[in-house]
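The listed protein sequences derive, respectively, from chains A, B and C. By this note's numbering, the letter at position 271 of the first sequence is numbered 273, and the numbering carries on one by one without gaps. By this note's numbering, the letter at position 279 of the second sequence is numbered 280, and the numbering carries on one by one without gaps. By this note's numbering, the letter at position 82 of the third sequence is numbered 1279, and the numbering carries on one by one without gaps.
None of these hints come from the bench; they were simulated from the model. Hints are supplied without guarantee of correctness; some may be wrong.
[What the hints assert, rightly or not] Subject to a maximum C-alpha distance of 27 Å in a straight line, what follows is the list of computed DSS-like cross-link-like pairs (lysine-lysine):
{"hint": "1", "chain 1": "A", "residue 1": "K80", "chain 2": "B", "residue 2": "K214"}
{"hint": "2", "chain 1": "A", "residue 1": "K80", "chain 2": "B", "residue 2": "K212"}
{"hint": "3", "chain 1": "B", "residue 1": "K227", "chain 2": "B", "residue 2": "K187"}
{"hint": "4", "chain 1": "C", "residue 1": "K1259", "chain 2": "B", "residue 2": "K212"}
{"hint": "5", "chain 1": "A", "residue 1": "K75", "chain 2": "B", "residue 2": "K53"}
{"hint": "6", "chain 1": "C", "residue 1": "K1212", "chain 2": "C", "residue 2": "K1281"}
{"hint": "7", "chain 1": "B", "residue 1": "K221", "chain 2": "B", "residue 2": "K348"}
{"hint": "8", "chain 1": "B", "residue 1": "K22", "chain 2": "A", "residue 2": "K76"}
{"hint": "9", "chain 1": "A", "residue 1": "K75", "chain 2": "B", "residue 2": "K22"}
{"hint": "10", "chain 1": "C", "residue 1": "K1220", "chain 2": "B", "residue 2": "K212"}
{"hint": "11", "chain 1": "C", "residue 1": "K1281", "chain 2": "A", "residue 2": "K178"}
{"hint": "12", "chain 1": "C", "residue 1": "K1220", "chain 2": "A", "residue 2": "K75"}
{"hint": "13", "chain 1": "A", "residue 1": "K179", "chain 2": "B", "residue 2": "K212"}
{"hint": "14", "chain 1": "A", "residue 1": "K76", "chain 2": "B", "residue 2": "K189"}
{"hint": "15", "chain 1": "C", "residue 1": "K1214", "chain 2": "B", "residue 2": "K221"}
{"hint": "16", "chain 1": "A", "residue 1": "K80", "chain 2": "C", "residue 2": "K1240"}
{"hint": "17", "chain 1": "B", "residue 1": "K214", "chain 2": "C", "residue 2": "K1212"}
{"hint": "18", "chain 1": "A", "residue 1": "K178", "chain 2": "B", "residue 2": "K212"}
{"hint": "19", "chain 1": "B", "residue 1": "K200", "chain 2": "C", "residue 2": "K1214"}
{"hint": "20", "chain 1": "A", "residue 1": "K76", "chain 2": "B", "residue 2": "K19"}
{"hint": "21", "chain 1": "C", "residue 1": "K1212", "chain 2": "B", "residue 2": "K212"}
{"hint": "22", "chain 1": "A", "residue 1": "K76", "chain 2": "B", "residue 2": "K53"}
[Stated by the list, open to error] Examples of chain C residues lying across from chain B (beta carbon under 10 Å, computed):
{"hint": "23", "residue": "D1205"}
{"hint": "24", "residue": "V1206"}
{"hint": "25", "residue": "D1207"}
{"hint": "26", "residue": "Y1208"}
{"hint": "27", "residue": "S1211"}
[Claimed, not checked] Away from chain C, derived, C-beta distances all over 10 Å, residues of chain B:
{"hint": "28", "residue": "E49"}
{"hint": "29", "residue": "Q142"}
{"hint": "30", "residue": "P238"}
{"hint": "31", "residue": "E298"}
{"hint": "32", "residue": "K326"}
Every residue gets a Cβ at the ideal spot worked out from N, C-alpha and C, and that includes glycine.
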Amino acid sequence: MVLLKGNASCQGCPHSIAFKALSYLENPIVLMPAGCSTVIAGLHPNSSLEIPCVHVPFPATPAVSYGLSTGLKKRGIKANVVAWMGDGSVDISYSLLAGSALRNDDIIVIVVDNEAYMNTGVQSSGTTFWKAKTTTSPKGKREERRDVALQMALHRVPYVATASIGYMRDFIKKVKKAGKVEGFRFIHVHCPCPPGWGFESSKTVEIARKAIQCRAWILWEYENKKFRISRISKKAKGDGLKDYLLSQARLRHLSDEDIEEIRRRIEEEWKLLEHLEKL
Amino acid sequence: MGQKKLLTGNHAIAEAVKIAKPDVIAAYPITPQTPIVEKLAEMTENGELDAKFVRVESEYAALSVILGAISAGARGFTATSSQGLLYMYEVCWWVAGSRLPMVMAIATRAIGAPWNIHGDHNDIIVLRDTGWIIGMVENAQEAFDMTLQAFKVSEEVSLPFAVGLDGFQLTHTAEVVEIRDYELPKRKLLPHTIEPSSKFALNAVTSGIPKLKARHEQAKDLEKAKEIIKEVDKEFPVSYGGLVEEYKLEDADYIVVMMGGWCGDAKDAIDLLRKEGIQIGMLRLRFLRPFPTKEIEKLDGNILVVDRSNSDYRGVLGLEVSAVKNGIKNVITGFGGMELDTQDFVKIFKKFVNNEIKDVEWWYGSAER
Amino acid sequence: MRLKMLNDVDYLISKPKIGAAGKTGLWRQFKPVVDEKACKLCKVCILYCPENVIEIVNDQLKIDYEYCKGCGICSNVCISNAIKMVEESE
Chain A
3 MVLLKGNASC QGCPHSIAFK ALSYLENPIV LMPAGCSTVI AGLHPNSSLE
53 IPCVHVPFPA TPAVSYGLST GLKKRGIKAN VVAWMGDGSV DISYSLLAGS
103 ALRNDDIIVI VVDNEAYMNT GVQSSGTTFW KAKTTTSPKG KREERRDVAL
153 QMALHRVPYV ATASIGYMRD FIKKVKKAGK VEGFRFIHVH CPCPPGWGFE
203 SSKTVEIARK AIQCRAWILW EYENKKFRIS RISKKAKGDG LKDYLLSQAR
253 LRHLSDEDIE EIRRRIEEEW KLLEHLEKL
Chain B
2 MGQKKLLTGN HAIAEAVKIA KPDVIAAYPI TPQTPIVEKL AEMTENGELD
52 AKFVRVESEY AALSVILGAI SAGARGFTAT SSQGLLYMYE VCWWVAGSRL
102 PMVMAIATRA IGAPWNIHGD HNDIIVLRDT GWIIGMVENA QEAFDMTLQA
152 FKVSEEVSLP FAVGLDGFQL THTAEVVEIR DYELPKRKLL PHTIEPSSKF
202 ALNAVTSGIP KLKARHEQAK DLEKAKEIIK EVDKEFPVSY GGLVEEYKLE
252 DADYIVVMMG GWCGDAKDAI DLLRKEGIQI GMLRLRFLRP FPTKEIEKLD
302 GNILVVDRSN SDYRGVLGLE VSAVKNGIKN VITGFGGMEL DTQDFVKIFK
352 KFVNNEIKDV EWWYGSAER
Chain C
1198 MRLKMLNDVD YLISKPKIGA AGKTGLWRQF KPVVDEKACK LCKVCILYCP
1248 ENVIEIVNDQ LKIDYEYCKG CGICSNVCIS NAIKMVEESE
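Isolated chain A (complex conformation):
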């Protein structure tokens, strides 16, 4: 077990579910910037993590991870160094993340994406869903959302995948795969957050699955320079969008036109991935 019981996560926390996947890595060391995970990991002098953990300044995670991985390699020690990041990966840490991908640093980056800065009280981020209400976008977000996984793949790194805490077996499979590859590995995990998105704590997994079914989140992999839409997303029919959106308080204000616009955007993303798969 990676995360010990009796930790500080909120009820129904998706990060807590995601942590389970780390137990499938050999010799894991996890590094984390400021965020919900920092608090879940435990306050001094206690740690809620059974594996070694290094807390680092917000933007620094990929670079410190790589330094650690290189330092250990220099000392002849094997490890799977994991940069466990949140929304900051696409904002404050974006240049360091891209730099790390460019060098093909030997680290695994796992982005546990709850689509806003939850730890500071639900502020809008680069991954916040279209039109979602946050405390800094009280009338709904107007900016784009950054598709960081696709951008990482365009750095031609050895392994990139998207995953969801709603489909843990798929996520674990991807983590295991990443653990056996050398170089820069990136997994972007969809993490619906009960207090941040406004739904009951029992529904974290249910909402995550709805996102996959309506393609608001699409599962895919990029390895050996090939894109492949994951089986779960291929089987998803792409319906239930309205139900997915309106089951969250942050999106309950959407008009029918808003929903149609989101549907168009999702279709564009789906088509892009289908094209990439054909390459």
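Go by the hints and put chains B and C onto chain A.
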């Protein structure tokens, strides 16, 4: 006697780093530091130095990579200047707070705005509160020597060490430098070295008391570093005097306190004034942190502090020295590569001796204001 | 003379502990109760329990109520409808 080479200050540092055998070097280019890491890149590429050279996308990443490497028990080095130091500033606090050793060279340079890529000390002084050991050298030989000593001192006290050398004045001028026969011990592992078997979290969220303790321990160990600096200086092939260098101080009625490359010209001015019978000498600060409080307390005479950096209307060294001694005079000058030669120092020192210097004076030399 | 190396960095180090945030079972408003007859031991609840408080002991699902926060995910993901959320009495 070691081999002698004609080296710029930057290349003297690279030669010292080569002897220290760091495991990981990460750097981003910035003038006037760049030749240090260019040389180290060359050394690692041609196999002279068995280090991992990491080409990063920013100074923030450079120091972050080193933070990771030294957490893993490896030896790390980086170099920067000015804006670059500011860009990595957050990580400077984390390295010191994590109680990890490393060495960073700082080719000191002005900070914008307005743009200026030339020398002064306004960059390195920002490290004062971080917990880093901060040294400032006078010439290329001392740049070589201090860099080598820095690894030893830093690893002894588990605090990072910044070696400052004046941009262009020292970084880009060549001198004959003796390559010392000096061997560093292997880097020791610490109780908080991170390996897969380390069953703990490092730097988790603290409440008030452990945070207070962390800063207190760091401050105490920075004080202890004074003894280690002196000891390492003594056992080195050449001794500089520890935290300070005393120049013609024994009988001095007038004492100049300065640091950095321009001390050489100022010493020449002191020699000229001595010929005129004026009893003047210099206390050259080799270290800004830990601050040589005792050495300054001991001073007996009129004190003039000449600064290449300021905080509000006063010079930074002026402020530091006046925390120990009352009634000092403070001249602020030499910003942005403004050149002062021996004659400028003769003028300043004569004004000081004649009691014509204001308590704080911004010196423009013969230039029009 | 050599000065003592750094040996105490307790303020930087945090050690693994169950219940780092206390007895989180006290947060619970609804309690997951397992219907042994309906449970097929498929382990899906274990896979998704955020708190890692469910295990199988002697072919039975066992929930550690000392730490279970009562989020209800186990009940929600159960395919056999074998976990009911029951309101905690005062």
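Do the hints match the structure? See the list:
Distance hint between A:K80 and B:K214 is unfulfilled; the C-alpha atoms sit about 34 Å from each other, more than 27 Å. Between the alpha carbons of A:K80 and B:K212 the distance comes to roughly 32 Å, so the proposed pair goes past 27 Å and is violated. About 22 Å separates the Cα atoms of B:K227 and B:K187, which keeps this hinted pair within 27 Å; it holds. In summary, the hint linking C:K1259 to B:K212 is not supported, as the alpha carbons are separated by about 40 Å, beyond the 27 Å threshold.
Simply put, A:K75 and B:K53 have alpha-carbon atoms about 10 Å apart, close enough for the 27 Å limit, and the pair holds. This hinted pair does not check out: C:K1212 and C:K1281 have alpha carbons roughly 35 Å apart, beyond 27 Å. A hinted pair counts as satisfied when its Cα atoms are at most 27 Å apart, and B:K221 with B:K348 does not qualify at roughly 41 Å. Distance check on the hinted pair: B:K22 and A:K76 sit about 12 Å apart at the alpha-carbon level, within 27 Å; holds.
As the CA atoms of A:K75 and B:K22 are separated by approximately 16 Å, the hinted pair is consistent with the 27 Å bound. Pair hint C:K1220 plus B:K212 holds up; C-alpha atoms about 25 Å apart against a cutoff of 27 Å. At roughly 33 Å between alpha-carbon atoms, C:K1281 and A:K178 are farther apart than 27 Å, so this suggested pair is violated. Straight-line distance between C-alpha atoms of C:K1220 and A:K75 comes to about 40 Å, which puts the hinted pair past the 27 Å bound.
The straight-line distance between the Cα atoms of A:K179 and B:K212 is roughly 40 Å, outside the 27 Å bound, and the hint therefore fails. A hinted pair counts as satisfied when its Cα atoms are at most 27 Å apart, and A:K76 with B:K189 qualifies at roughly 14 Å. For the suggested pair C:K1214 and B:K221, the alpha carbons sit about 31 Å apart, so the restraint of at most 27 Å is broken. A threshold of 27 Å between alpha carbons decides the hint, and for A:K80 with C:K1240 the separation of about 32 Å lies outside it, so the pair is violated.
In summary, the hint linking B:K214 to C:K1212 is supported, as the alpha carbons are separated by about 18 Å, within the 27 Å threshold. A distance of roughly 38 Å separates the Cα atoms of A:K178 and B:K212; the hinted pair therefore is violated under the 27 Å criterion. Taking the CA atoms of B:K200 and C:K1214, the gap is near 11 Å; set against the 27 Å cutoff, the hint holds. Simply put, A:K76 and B:K19 have alpha-carbon atoms about 16 Å apart, close enough for the 27 Å limit, and the pair holds.
For the suggested pair C:K1212 and B:K212, the alpha carbons sit about 17 Å apart, so the restraint of at most 27 Å is met. For the suggested pair A:K76 and B:K53, the alpha carbons sit about 8 Å apart, so the restraint of at most 27 Å is met. A cut of 10 Å between beta carbons decides the hint on C:D1205: the least distance to chain B is about 7 Å, and the hint holds. Annotation: interface hint on C:V1206 holds; nearest CB of chain B at approximately 5 Å, less than 10 Å.
For C:D1207, the suggested interface contact is upheld, since its CB lies about 8 Å from the closest CB of chain B, less than 10 Å. Taking 10 Å as the C-beta cut-off, the interface hint given for C:Y1208 holds, the closest approach to chain B being about 4 Å. Look at C:S1211: its Cβ gets to within about 4 Å of chain B, closer than 10 Å, so that hint holds up. With 10 Å as the threshold on Cβ separation, the claim that B:E49 sits away from chain C holds: the shortest Cβ distance comes to roughly 31 Å.
Remark: the non-interface label on B:Q142 is consistent with the geometry, its nearest Cβ contact in chain C lying 27 Å away (cut-off 10 Å). The claim that B:P238 is not at the interface with chain C holds, since no C-beta of that chain comes within 10 Å of its own (minimum 20 Å). Once the 10 Å rule is applied to beta carbons, B:E298 is consistent with being away from chain C; the minimum gap is 22 Å. No beta-carbon of chain C comes within 10 Å of the beta-carbon of B:K326; the shortest separation is about 28 Å.
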